[in-house]
Structures are given as structure tokens and as C-alpha cells.
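Visitor: Sequence:
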Amino acid sequence: MSKIHLVFGGRVKDPRGLDFEDLNQIDVVGFFEDYKSAEKAWRGAAQRTVDDAEMKYVVVHLHKLLEPELE
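Those letters in the sequence shown? Residues 3 to 73, by our numbering.
Since the hints were derived computationally from the structure, they do not count as laboratory data.
Some hints here could point you the wrong way.
[As the list claims (entries may be wrong)] Label pairs and their in silico Cβ distance ranges:
hint: 1; residue 1: Asp24; residue 2: Val62; range: 32 to 42 angstroms
hint: 2; residue 1: Glu71; residue 2: Thr51; range: 30 to 40 angstroms
hint: 3; residue 1: Arg50; residue 2: Asn26; range: 33 to 43 angstroms
hint: 4; residue 1: Arg50; residue 2: Glu71; range: 32 to 42 angstroms
hint: 5; residue 1: Arg13; residue 2: Glu71; range: 26 to 36 angstroms
hint: 6; residue 1: Ala55; residue 2: Leu25; range: 11 to 21 angstroms
hint: 7; residue 1: Pro17; residue 2: Glu69; range: 24 to 34 angstroms
hint: 8; residue 1: Glu71; residue 2: Gln49; range: 28 to 38 angstroms
hint: 9; residue 1: Asp21; residue 2: Glu41; range: 16 to 26 angstroms
hint: 10; residue 1: Lys15; residue 2: Asp36; range: 24 to 34 angstroms
hint: 11; residue 1: Asn26; residue 2: Glu71; range: 32 to 42 angstroms
hint: 12; residue 1: Glu71; residue 2: Lys15; range: 30 to 40 angstroms
[As the list claims (entries may be wrong)] Straight-line distance between alpha carbons at most 25 angstroms, and here's what the computed SDA-like set of lysine to any residue pairs gives:
hint: 13; residue 1: Lys66; residue 2: Ile6
hint: 14; residue 1: Lys5; residue 2: Asp53
hint: 15; residue 1: Lys5; residue 2: His65
hint: 16; residue 1: Lys5; residue 2: Asp29
hint: 17; residue 1: Lys66; residue 2: Phe34
hint: 18; residue 1: Lys5; residue 2: Val62
hint: 19; residue 1: Lys42; residue 2: Phe10
hint: 20; residue 1: Lys15; residue 2: Glu69
hint: 21; residue 1: Lys42; residue 2: Val52
hint: 22; residue 1: Lys15; residue 2: Glu71
hint: 23; residue 1: Lys66; residue 2: Ser39
hint: 24; residue 1: Lys66; residue 2: Asp36
hint: 25; residue 1: Lys5; residue 2: Val60
hint: 26; residue 1: Lys38; residue 2: Gly12
hint: 27; residue 1: Lys15; residue 2: Asp36
hint: 28; residue 1: Lys15; residue 2: Asn26
hint: 29; residue 1: Lys66; residue 2: Phe33
hint: 30; residue 1: Lys66; residue 2: Phe10
hint: 31; residue 1: Lys42; residue 2: Asp54
hint: 32; residue 1: Lys5; residue 2: Phe34
hint: 33; residue 1: Lys15; residue 2: Arg50
hint: 34; residue 1: Lys15; residue 2: Ala43
hint: 35; residue 1: Lys42; residue 2: Ala55
hint: 36; residue 1: Lys5; residue 2: Gly32
hint: 37; residue 1: Lys15; residue 2: Gly32
hint: 38; residue 1: Lys5; residue 2: Glu71
hint: 39; residue 1: Lys5; residue 2: His63
hint: 40; residue 1: Lys15; residue 2: Val30
Predicted model only: the values in this text are computed from it and were never measured.
Note that the Cβ used here is the ideal one computed from N, Cα and C, for glycine as well.
Using the sequences and the hints given, assemble the complete structure.
Guide: This is the structure we're talking about:
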């Protein structure tokens, strides 16, 4: 199975958590086949919103969710 990484972000209720305020407003940056590409995209998105403490971007390892026994 290919390694699939999802990068997305949005406004969170508390900057210390991952409880997003409005799922309809999630910014999907994209899907990436390797962590290095996903991290680069995540850094770019996070840097654009660095002055807004309530904006958070994350990298999700979708391949680990789809087939956890492979890890």
C-alpha cells in the first residue's frame, strides 16, 4: 500500500488542541505520497498563518489509519 499523508488545517477552539471550530471551513492543503512532501506543504500553510494562534495545520498519516497492522 502507498503511504498517504493528508495536510489540512483550520481554526481551532483552543490552540492546545485539535477541536476545529467549523468543519465546513477546513482548508485541505492536499494529499502527499511521502512525509517529506507533506511536511513541506504543512510548513508552508502553517507559516502563512503564523500570526493567528487559533489557526492550526496538521499532517495525518492516512496509511496508518487504513492499515494499522502494517506499521
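Visitor: Taking the hints in turn, state whether each one holds.
Guide: Outcome of the hint check:
1. Asp24 with Val62: 32 to 42 angstroms: About 18 angstroms separates the Cβ atoms of Asp24 and Val62, which means 32 to 42 angstroms is violated.
2. Glu71 with Thr51: 30 to 40 angstroms: holds (36 angstroms)
3. Arg50 with Asn26: 33 to 43 angstroms: Distance hint for Arg50, Asn26 is violated at roughly 20 angstroms.
4. Arg50 with Glu71: 32 to 42 angstroms: holds (37 angstroms)
5. Arg13 with Glu71: 26 to 36 angstroms: holds (35 angstroms)
6. Ala55 with Leu25: 11 to 21 angstroms: holds (20 angstroms)
7. Pro17 with Glu69: 24 to 34 angstroms: holds (32 angstroms)
8. Glu71 with Gln49: 28 to 38 angstroms: At roughly 36 angstroms between Cβ atoms, Gln49 and Glu71 fall inside 28 to 38 angstroms, so the hint holds.
9. Asp21 with Glu41: 16 to 26 angstroms: Given range 16 to 26 angstroms: holds, Cβ gap about 23 angstroms.
10. Lys15 with Asp36: 24 to 34 angstroms: For Asp36 against Lys15, whose Cβ atoms are near 31 angstroms apart, the range 24 to 34 angstroms holds.
11. Asn26 with Glu71: 32 to 42 angstroms: holds (34 angstroms)
12. Glu71 with Lys15: 30 to 40 angstroms: Taking Cβ atoms as reference, Glu71 and Lys15 lie about 33 angstroms apart, which means the hint holds.
13. Lys66 with Ile6: holds (9 angstroms)
14. Lys5 with Asp53: Violated, because 32 angstroms separates the two Cα atoms, which is more than 25 angstroms.
15. Lys5 with His65: Answer holds: Lys5 to His65 is near 5 angstroms, not above 25 angstroms.
16. Lys5 with Asp29: With Cα atoms ~21 angstroms apart, Lys5 and Asp29 stay inside 25 angstroms; holds.
17. Lys66 with Phe34: The hint holds at about 14 angstroms.
18. Lys5 with Val62: Satisfied, since the Cα-Cα distance of roughly 11 angstroms is no more than 25 angstroms.
19. Lys42 with Phe10: holds (13 angstroms)
20. Lys15 with Glu69: violated (30 angstroms)
21. Lys42 with Val52: holds (15 angstroms)
22. Lys15 with Glu71: violated (33 angstroms)
23. Lys66 with Ser39: Given pair Lys66, Ser39 holds - Cα atoms ~17 angstroms apart, limit 25 angstroms.
24. Lys66 with Asp36: Holds - the C-alpha atoms of Asp36 and Lys66 are around 13 angstroms apart, at most 25 angstroms.
25. Lys5 with Val60: Given pair Lys5, Val60 holds - Cα atoms ~16 angstroms apart, limit 25 angstroms.
26. Lys38 with Gly12: holds (21 angstroms)
27. Lys15 with Asp36: With Cα atoms ~29 angstroms apart, Lys15 and Asp36 exceed 25 angstroms; violated.
28. Lys15 with Asn26: holds (15 angstroms)
29. Lys66 with Phe33: holds (14 angstroms)
30. Lys66 with Phe10: Between Lys66 and Phe10 the Cα gap is close to 17 angstroms, so the pair holds against 25 angstroms.
31. Lys42 with Asp54: The hint holds at about 19 angstroms.
32. Lys5 with Phe34: holds (8 angstroms)
33. Lys15 with Arg50: holds (19 angstroms)
34. Lys15 with Ala43: holds (23 angstroms)
35. Lys42 with Ala55: holds (20 angstroms)
36. Lys5 with Gly32: holds (14 angstroms)
37. Lys15 with Gly32: Between Lys15 and Gly32 the Cα gap is close to 23 angstroms, so the pair holds against 25 angstroms.
38. Lys5 with Glu71: holds (14 angstroms)
39. Lys5 with His63: Between Lys5 and His63 the Cα gap is close to 8 angstroms, so the pair holds against 25 angstroms.
40. Lys15 with Val30: holds (18 angstroms)
Comparing the model with each numbered hint stated earlier shows that hints 1, 3, 14, 20, 22, 27 do not hold.
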